[in-house]
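The hints should help you fit chain B onto chain A, whose structure is shown.
There are 2 protein chains.
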Amino acid sequence: MKILTGNFDQLATQVNQREEQAASKPEVEAAVADIIANVRANGDQALKDYSQKFDGVQVDDFKVSQATIDAGYASCSKELIDALLLAKRNITSYHEKEVSRGFIDSEQPGVIRGQKLTPLAAVGLYVPGGTAAYPSTIMMAALPAKIAGVKNIVMVTPPQPAGINPAVLAAAKLAGVDAVYQVGGAQAVAALAFGTESIPRVDKIMGPGNIFVATAKKQVFGQVAIDMIAGPSEIGIIADGQSNPAQVAADLLSQAEHDKLARPMLVTDSQALADAVNLELTKQLATLPREEIATASVNDEGFIAVVENLDDAFKLMNLIAPEHLEVQVDEPISYLNQIQNAGSVFLGRTASEPLGDYVAGPNHILPTAGTARFFSPLGVEDFVKRIQFIQYTPQALGKEAKAITTLARTEGLEGHARAIESRFN
Amino acid sequence: MKILTGNFDQLATQVNQREEQAASKPEVEAAVADIIANVRANGDQALKDYSQKFDGVQVDDFKVSQATIDAGYASCSKELIDALLLAKRNITSYHEKEVSRGFIDSEQPGVIRGQKLTPLAAVGLYVPGGTAAYPSTIMMAALPAKIAGVKNIVMVTPPQPAGINPAVLAAAKLAGVDAVYQVGGAQAVAALAFGTESIPRVDKIMGPGNIFVATAKKQVFGQVAIDMIAGPSEIGIIADGQSNPAQVAADLLSQAEHDKLARPMLVTDSQALADAVNLELTKQLATLPREEIATASVNDEGFIAVVENLDDAFKLMNLIAPEHLEVQVDEPISYLNQIQNAGSVFLGRTASEPLGDYVAGPNHILPTAGTARFFSPLGVEDFVKRIQFIQYTPQALGKEAKAITTLARTEGLEGHARAIESRFN
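Heads up: the sequence lines are chains A and B, in that order. So the first sequence is residues 1 to 425, counted in UniProt numbering. So the second sequence is residues 1 to 425, counted in UniProt numbering.
Source of the hints: derived by calculation from the structure; they are not laboratory data. A portion of the hints provided could be inaccurate.
Identical copies carry no separate label here, and so any pair may be met within one copy or between two of them.
[Said to hold, decoys possible] Straight-line alpha carbon distances no greater than 27 angstroms define the calculated DSS-like cross-link-like pairs of lysine-lysine that follow: (1) Lys53 to Lys25; (2) Lys116 to Lys97; (3) Lys2 to Lys315; (4) Lys173 to Lys151; (5) Lys218 to Lys25; (6) Lys151 to Lys315; (7) Lys399 to Lys97; (8) Lys78 to Lys399; (9) Lys151 to Lys88; (10) Lys173 to Lys402; (11) Lys402 to Lys78; (12) Lys53 to Lys218; (13) Lys88 to Lys173; (14) Lys315 to Lys116; (15) Lys48 to Lys173; (16) Lys399 to Lys218; (17) Lys173 to Lys399.
Just chain A, same shape as in the assembly:
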């Protein structure tokens, strides 16, 4: 990887070239708009036509039967089921701690004010077909929804001539997905947003997908809620000179292998570590199955920045706001207060990033492309809405009536003032 040097301001300028948002493609936008309009007008028949056209599969019944799901589960190795069960336990115990409660406040005489938290009624999870079908992501998306109390969690995934990936069906079963539908692409997103004869309308659509899926999610946003539109994966590692170069390199490659546009980043106060990691990268890349992808990521997107001290390393990472941040230093928890912008943080030399991808319990659906400045990991709160409420006695309203009518008339809203005064006529 290229090594960046210089003082802090020079480094900041080099690393902080924020990517432009991927420009939307007009031809994709138009094609997706057509698909959505067709699904709204023609429902299941449109879905059947698109499945034939895009997936090459004639679908008679979109709902995947319980027998098919059970058979997929049964065909998985015990090793895989045990791994999914461990993930489920840890994801559940972590996300249960995220649950918020509403409140009632009765501190003022004659006044009740409160907030109740209500789960979304139904959510839909998009799962890509082929090699990008990740059972771990099903666990990460469905379990927080379950904990939030969502009663209807449905999953859509493209129909496949050879049938749906058994590991995907097993994860859906273990995560408590209520129904699986074999439909993919923009048409699946449209079906979830508006409903068809066989697919229920949901309140929120989650999950990764290709450009048609992402564009469809953007187009239906507002009609339903959506999760974030995720960009390429990123890992930022802060490592001191005591860190193991082979481990640092392996962790960088774990994200580089996702995507040619993935961004592996190392910030260190040790030139020796920087050089040793580069040697290790070359060595490890040579035997990596996804060598081509990872090499492009390392060469074109990655960098190593050598800073004067660890405080500068944290300041630099806060500018980048990486999706994943490893802190390979002594006493890492003492730096937690310096971390302002990151999705998920891995403290110490043992907490390798893939631990968080699979079993530790924190979510792996995370903000990318610097958006950790303001977005959060997927969590229970994404599946809950807050409803405010108040109740006043006439006496309590009387005490505040003058303030209300004054503000209403200042804003030129006479009808607002009269509504309050109607209680005292």
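Relative to chain A, chain B alone:
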């Protein structure tokens, strides 16, 4: 207003004609994209050019001086300041109850898992000029940000030949806004998203605006966070036959006066109340200053639905998911559990909607157009991001290593498995 009758399914079909999202206007999209590009390239100079062109004001210094803010505050009546102070007290005490905490979980040997909550560093509030400048909205947007711990709350508002509305300056001062800049339109949104010489880049942009402002917010979304894009105001009232028709009508008009597209809705089990409210509407409209706007809203957007019983009334309102919901019945709190979809709820015959607009304390920036199905009122959580963290001992990682490598290899991600195994070589 038109009166809808029929059985529940017939009523549901009539009221649940969901509005289409306002289509974006290609010429506005293009103009806004140009403005954003120009502000990114030319900073303050672009802002000055646009202020001259669109606002007819030559601005030398965008930052409004403390002396100007103080003078605006001093020119407000004591009555207005007292009303703003009451609003501030109640908004603060309500939103303080929304504050969440992070957690640390040390339940497993050798494992620390946690979540820390971090306020956004900087947020920007857009305040329209002219008659749409609402001091109450400044309080509703800035105070939750303050409570969340946001260190830099900035406000932008169009320059005005006669100077900025003193009530707006007073509200900014009382709400703890850190800086006010006189710049408006799409150029102000671009400045907040990217920063200029005099205006700082922020992490989230909030507040209402015309179509140029709304389009600019959509275009910069992803670069920064934004609050919701609000649609026309809505009020849904559930009222039984004991309710006062004059009060019900006045509350309907308080929202109708906002906008010709505002949607006043009454659902009642009493035909007599329906008729009486219609008479009152005619009577009250005749003397309302904003009669023309309110009449259009009442005639074209509003309706009264007569249902068989109150249970049906709540079911119908859940389909509509109104921004504001009044519950004018006996023992209103006994119906709280039936309310699934609403932004802000007003229980009982005394809690007139404008009470919530100004002083009760719950937020008045609320989801519209049916989005209360999945969106929440603006609150403290909108100004906080969650950062996950974990730390493992080698022994703890050893216990989970097999599950991680199994899942990684199931997903075809060999590099993930090797990163874990590098800890045990």
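Structure-based check of all given hints:
no.	hint	in the structure
1	Lys53 to Lys25	within (22 angstroms within a copy, 32 angstroms between copies)
2	Lys116 to Lys97	both (18 angstroms within a copy, 12 angstroms between copies)
3	Lys2 to Lys315	within (20 angstroms within a copy, 61 angstroms between copies)
4	Lys173 to Lys151	within (15 angstroms within a copy, 45 angstroms between copies)
5	Lys218 to Lys25	both (12 angstroms within a copy, 16 angstroms between copies)
6	Lys151 to Lys315	between (43 angstroms within a copy, 17 angstroms between copies)
7	Lys399 to Lys97	between (40 angstroms within a copy, 23 angstroms between copies)
8	Lys78 to Lys399	between (68 angstroms within a copy, 17 angstroms between copies)
9	Lys151 to Lys88	within (18 angstroms within a copy, 38 angstroms between copies)
10	Lys173 to Lys402	between (58 angstroms within a copy, 22 angstroms between copies)
11	Lys402 to Lys78	between (70 angstroms within a copy, 12 angstroms between copies)
12	Lys53 to Lys218	within (23 angstroms within a copy, 33 angstroms between copies)
13	Lys88 to Lys173	within (11 angstroms within a copy, 49 angstroms between copies)
14	Lys315 to Lys116	between (39 angstroms within a copy, 18 angstroms between copies)
15	Lys48 to Lys173	within (25 angstroms within a copy, 59 angstroms between copies)
16	Lys399 to Lys218	neither (46 angstroms within a copy, 41 angstroms between copies)
17	Lys173 to Lys399	between (56 angstroms within a copy, 25 angstroms between copies)
When held up to the earlier numbered hints, the structure conflicts with hint 16 and nothing else.
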